[in-house]
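Dock chain C against chain E, hints included.
So the sequence lines, in the order shown, correspond to chains E and C.
According to our numbering, the residues represented by the first sequence are 22 to 363, in order.
According to our numbering, the residues represented by the second sequence are 3 to 290, in order.
The calculated label-pair distances, taken between Cβ atoms and stated as ranges, are:
1. E:Arg-101 - C:Leu-128: 50 to 58 angstroms
2. E:Arg-235 - C:Gly-117: 52 to 60 angstroms
3. C:Gly-61 - E:Ile-311: 39 to 47 angstroms
4. C:Leu-271 - E:Asp-175: 24 to 32 angstroms
5. E:Tyr-194 - C:Ala-219: 26 to 34 angstroms
If you want the ones that stay clear, here's a sample from chain E, every Cβ over 12 angstroms from chain C, calculated:
6. Ala-39
7. Gln-54
8. Ser-106
9. Ala-112
10. Leu-115
11. Leu-204
12. Val-206
13. Val-217
14. Pro-221
15. Trp-248
16. Val-252
Simulated from the structure, these hints should not be mistaken for laboratory data.
Cβ atoms here follow ideal geometry from the backbone N, Cα and C, with glycine treated the same way.
Here is how the chains run, residue by residue.
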Amino acid sequence: MSDETILGLPARPTALAALAVLVVAPFVLPTFQTYVLSEVLVLALFATGFNLLYGYTGLLSFGHAMFFGGAGYALGIFLRDVAPSLPFGGATPLVAFAIAAVLGVLVATAIAIPVGYLSVRLEEIYFAMLTLSFSMALYTLVNQNYFGVTNGSDGILVLLQTSNLFGFQLSLYDRVTYYFVILLVVAPAMYILWRVSNSPFGLVSEAIRENSERASGLGIDVRRHQWGAFVLSAVFTGIAGVLVAPLHSSLSPGASLHWTISAEPVIMTVFGGPYSFIGPTVGALFYRYIRWGITQFPLLEAHWQLVFGTLILVIVVFAPRGVSGLLKWAVDRVRGNGGESA
Amino acid sequence: MALPIQEVLTGLSLGSRYFLVAIGLSLIFGVLGVLNFAHGALYMIGAYVSLTVAQNVTGSFWVGLVAAGLAVGLLGAIIEMGLIRRVYDRDELDQLILTFALVLVITDLTRTVWGSGNQTMATPELLASNVHFLGTSYPAYRLFVIVVGFAAMGVFWYAIQRTYLGRLVRATSSDRDMAALLGVNVPRLYTGVFFVGSFLAGIGGALAAPMQAFTPALGDQVIINAFVIVVIGGLGSFTGAFVGAMFIGLLQSFGVLIATGVGQLLPFLAMILVLVFRPEGLFGGEGQ
Numbered sequence: 022m023s024d025e026t027i028l029g030l031p032a033r034p035t036a037l038a039a040l041a042v043l044v045v046a047p048f049v050l051p052t053f054q055t056y057v058l059s060e061v062l063v064l065a066l067f068a069t070g071f072n073l074l075y076g077y078t079g080l081l082s083f084g085h086a087m088f089f090g091g092a093g094y095a096l097g098i099f100l101r102d103v104a105p106s107l108p109f110g111g112a113t114p115l116v117a118f119a120i121a122a123v124l125g126v127l128v129a130t131a132i133a134i135p136v137g138y139l140s141v142r143l144e145e146i147y148f149a150m151l152t153l154s155f156s157m158a159l160y161t162l163v164n165q166n167y168f169g170v171t172n173g174s175d176g177i178l179v180l181l182q183t184s185n186l187f188g189f190q191l192s193l194y195d196r197v198t199y200y201f202v203i204l205l206v207v208a209p210a211m212y213i214l215w216r217v218s219n220s221p222f223g224l225v226s227e228a229i230r231e232n233s234e235r236a237s238g239l240g241i242d243v244r245r246h247q248w249g250a251f252v253l254s255a256v257f258t259g260i261a262g263v264l265v266a267p268l269h270s271s272l273s274p275g276a277s278l279h280w281t282i283s284a285e286p287v288i289m290t291v292f293g294g295p296y297s298f299i300g301p302t303v304g305a306l307f308y309r310y311i312r313w314g315i316t317q318f319p320l321l322e323a324h325w326q327l328v329f330g331t332l333i334l335v336i337v338v339f340a341p342r343g344v345s346g347l348l349k350w351a352v353d354r355v356r357g358n359g360g361e362s363a
Numbered sequence: 003m004a005l006p007i008q009e010v011l012t013g014l015s016l017g018s019r020y021f022l023v024a025i026g027l028s029l030i031f032g033v034l035g036v037l038n039f040a041h042g043a044l045y046m047i048g049a050y051v052s053l054t055v056a057q058n059v060t061g062s063f064w065v066g067l068v069a070a071g072l073a074v075g076l077l078g079a080i081i082e083m084g085l086i087r088r089v090y091d092r093d094e095l096d097q098l099i100l101t102f103a104l105v106l107v108i109t110d111l112t113r114t115v116w117g118s119g120n121q122t123m124a125t126p127e128l129l130a131s132n133v134h135f136l137g138t139s140y141p142a143y144r145l146f147v148i149v150v151g152f153a154a155m156g157v158f159w160y161a162i163q164r165t166y167l168g169r170l171v172r173a174t175s176s177d178r179d180m181a182a183l184l185g186v187n188v189p190r191l192y193t194g195v196f197f198v199g200s201f202l203a204g205i206g207g208a209l210a211a212p213m214q215a216f217t218p219a220l221g222d223q224v225i226i227n228a229f230v231i232v233v234i235g236g237l238g239s240f241t242g243a244f245v246g247a248m249f250i251g252l253l254q255s256f257g258v259l260i261a262t263g264v265g266q267l268l269p270f271l272a273m274i275l276v277l278v279f280r281p282e283g284l285f286g287g288e289g290q
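If we strip away everything but chain E, and leave its shape as in the complex, we get (with noise of 0.2 angstroms):
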């Protein structure tokens, strides 16, 4: 896991590649197609997040929607309420977003303390049916409008306006300027998570989850040391929620904080491998582009969960190193190194 590869090719190359592909995609790719691909991006760091927490540190999360959705709300009831009040002239528009995508990130991280110290105080299962719990608490609150400013079941829009910059007009909804605004934020955040993957911090998240007695017999705080993951985590989530808001345009309880959001990041990661850092991100690719694939065939759409659910079976029963495990495993092959690491 902290060896310098991805899929078994060298790391460096292999993502400076992937940077310049998805750097040249919105030049090619018609306007629908960059909109998927924002997507994917938002998700892979959705779930690369959650991996932090789950492949590395052994706590499954089922409700990362808190952070996901809880940064998004944050963001959208801000550009909503506060925003057409700053003074910054035509270049309102931008900086509230860029307020606004602050404070998502701090509402997540704000959520993330207390609940993180409360859940890691359980193991297991137990950690994944807290994390659920919580998460289904905001939820209610926010489909009940206990804030007063959440609008209740219908939502709210999340909507970006047009900046001028010094007679420079500036569209952040523009779909190829928005994929370049998510890159410009995923591209570093995702190289941050690289890093903290491969950090001593990261090591003793994956000590932690091979064997937390022996862990702790080696002087780590281990409780401490997954209250930290999982606040981390919660804010690379945070992150992604901020992002992914003014992409859909609308914010709504069903859409944003409900438990099938949390199980996201989970079915990416199931279909990507946990035990890898480019395992979620692969899932997220493939999570995004079946999906894209079965609105092609409308038999398929309207029994969208019964393909998922069955893919999720089928992987989780034959394939636990996922769909790059399998990926790993063909690279390993074609350049002769044996194939047993699948």
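What follows is chain C alone, placed relative to chain E:
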């Protein structure tokens, strides 16, 4: 102010339905070590089977009730033998994800068969009236649900504590390998436990069907409440599942008096309190 009999009864009838889900969830976890995310979906199937059998096939609520229990029990047994058995030696989290995938599959199939619209079911004629007592009147059907909930607890307690089969279940749950060495047919026992847990969920769903309009999302709401209940009561504890279920039912029925929506929030707050002060649950703790 009069005694809040209405709220107490509403809470208990809600709790009885929760109990039928929570007990299966707790039993399956206690014995098999698998947290069955799909248990709410099984409950939901129970409601639909009872609807079809009672309204379209036989016209009898009682036949529908039994059919729902048996059909869902059988489905549970098939799921255990076909899928869950394959991942016993794997991570608990793999098992959770597997049962989550089952939720997707079951929900989708239900939507295909019965449609995604609201379904309603008539209360059985025998219980359609109100019962008058203590200066109040209350629907007989809800009283019946309470009786079933308490009876299920009684039968279950007796079966686990006093019968030979119950002893086998307890032995296997405390040490699977030792039980197998002593001649317990563990795989068959597991299938049996899954059958019983699913059977109870099916009965719970069938009982719920005449009380509310329902959709394939019925299971989602129930499974979250069942999770809260078993965390409060202690996962694997049957007494805990019962007390937890009744407690949550009462919290929800009394919460409505305070303000709309409070009823849905209170269970989460109760769970957080339990976790802070007694993480193993009120009745858990003698080592899982």
